[in-house]
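Put the two chains together into one complex, using the hints given.
Protein chains in written order, with the numbering used here: chain X, 1 to 224; chain B, 1001 to 1080.
In short, the hints are calculated from the structure, not lab data. Hints may be right or wrong, so weigh each one.
Derived lysine to any residue pairs resembling SDA-like cross-links, with alpha carbons at most 25 Å apart [claimed, not checked]:
| id | chain 1 | residue 1 | chain 2 | residue 2 |
| --- | --- | --- | --- | --- |
| 1 | X | 106 | B | 1064 |
| 2 | B | 1026 | X | 105 |
| 3 | B | 1011 | X | 105 |
| 4 | B | 1019 | X | 109 |
Distance windows between CB atoms, simulated [to be verified]:
| id | chain 1 | residue 1 | chain 2 | residue 2 | range |
| --- | --- | --- | --- | --- | --- |
| 5 | X | 134 | B | 1075 | 33 to 39 Å |
| 6 | B | 1011 | X | 106 | 56 to 62 Å |
| 7 | B | 1048 | X | 19 | 48 to 54 Å |
| 8 | B | 1044 | X | 208 | 45 to 51 Å |
| 9 | X | 133 | B | 1032 | 49 to 55 Å |
| 10 | B | 1020 | X | 211 | 48 to 54 Å |
| 11 | X | 106 | B | 1065 | 25 to 31 Å |
| 12 | B | 1023 | X | 134 | 51 to 57 Å |
Just so you know, even glycine gets a beta-carbon here, dropped at the ideal spot from N, CA and C.
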Amino acid sequence: MKASVIVFPGSNCDRDVQVALEKFQIRTSMVWHQETSLPKTDLIVLPGGFSYGDYLRCGSMASKSKVMNEVIKYANNGGHVFGICNGFQILTETGLLPGALLRNNKLKFICKDICIKTVNNQTPFTKNILKEKVLTVPIAHNEGNYFASRHEIDSLQDNEQIIFQYCDKEGNISETSNPNGSFLNIAGITNKNKNVLGMMPHPERVIDQLLGGTDGQEIFKSLL
Amino acid sequence: MKFEIFVTLKKEVLDPQGKAVEGAIKNLGINSISNVRQGKYFTLEVNEVDEDKASQQAENACKKLLANLTIEEYSIKKIS
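With the rest of the complex left out, here is chain B (with noise of 0.2 Å):
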């Protein structure tokens, strides 16, 4: 079963690269564009066939590693 997962900084944490690249893309004259906020993409597959524990498996993943939650929030979605 195959998973996609988001990891992203808290809201309340600052993102000075989101602010970085937000500047870069007003260089570029697309002054519509703001709030960027850079976060991570993972896809990883669970060898289980039961749905609920192959979620569990990538939800404990998350928490124990892929995510800091002091920092970071993650969100996971089954994709095949």
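Chain X on its own, in the form it takes in the complex (with noise of 0.2 Å):
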């Protein structure tokens, strides 16, 4: 299996991803993002980070870049493509997924564990986890406040696109289990097809004990 990470001005999470694809062994290229092609490849990533500085809008410039333009064509073409962190943020400003990401409610960058509950196991990057399964997993924004339209929230409940949710130690999903002031806790939404997953926490910091915990392998483990 063969994975691309887009390698935009700002990232920093890429090499951390490659890592993660890597123990899996998951062939990784990175792709600059100037690039107009993309290698052969099973998975595209869209690691986390401060693309172009965060400036206008967090990944709004990303999302203009070049590689995107074939990113997009990849994803309409049912092709797999993930986004952590800033990569959730560039997906939203492509369009490929609804809603947007807003300053965290309380205004503070959080950077902590936290738990979300896999809600969704249907989809190619959580087929291998256990449905309702909570997983500790670290968040680290500033703009992780997930909005969307009431329509827009609505489409995502009845298409099953809401895959995880902030919740408790014991899975209970409440507005004290919420970091950042998300609609109905949502931590991570795919598209309707189901190819395209951003999510806030980032599931690469937790692949190895060394690192803390190793509850990230379930995603990486379910796109092998």
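Right, dumping it as structure tokens:
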């Protein structure tokens, strides 16, 4: 299996995600944002970071970069695209995923381990995870407060596009387990076809006990 | 032709930055100010003599990049 990690100026989780993919024998190419074609690939990852210094809006400049035309075509042809943190913000800015990520409701950058519940395991990214399983994964963001119009939220629910929701250790989804003010505690969503996933937590940071946890492995294993 | 553009969060979108700024204004002892909302301001020049065409170009830039229409709205004004 082959993966491509898109590197924007200001990406800083690109090499972490490369290490995570290669741990599962996924051959990984790094693709610079000015490329106009993609290598043959089974998965595209948009990594975390601060592409273009978060100028204008997080992910907005990156969403207009040359390589993204190819990423959009790839996604529209059913290819698997995985956006983590800034990658999720880029996916909403391209329109591949609905909604937007606003400033955290308490206006603070949050960097800590949180729990997320796998509310849909019928996707290529979660197929090996037990339904309702609670994963402990770190978040590190200033703009992770998921917002969408009522109409978009209805559509997300009707099409079972909500994949991860912030919860407590027991899996209760409530106001107190919501770190950033996201609508419905949303931590990760897919598009209607389930081939594009965006999530704010960083699974690539918990792939080895040495890093403090292994819950992130479940997502990468699902992709194999 | 020069335009100014304001991009603001839609009314229904919470603006925690505006709220924080409002709190800071209150801390200064200025109590008559409320409903502070924060936005973005751009000026840009369009190399086009026809005003309609020029404002269309500016509008295009707003729709495609300067504003995210999921959460924001924009207004355009010709200034010279």
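inquiry  = Going through the numbered hints above, which ones does this structure break? Give me the numbers in ascending order.
reply    = 1, 5, 6, 10, 12
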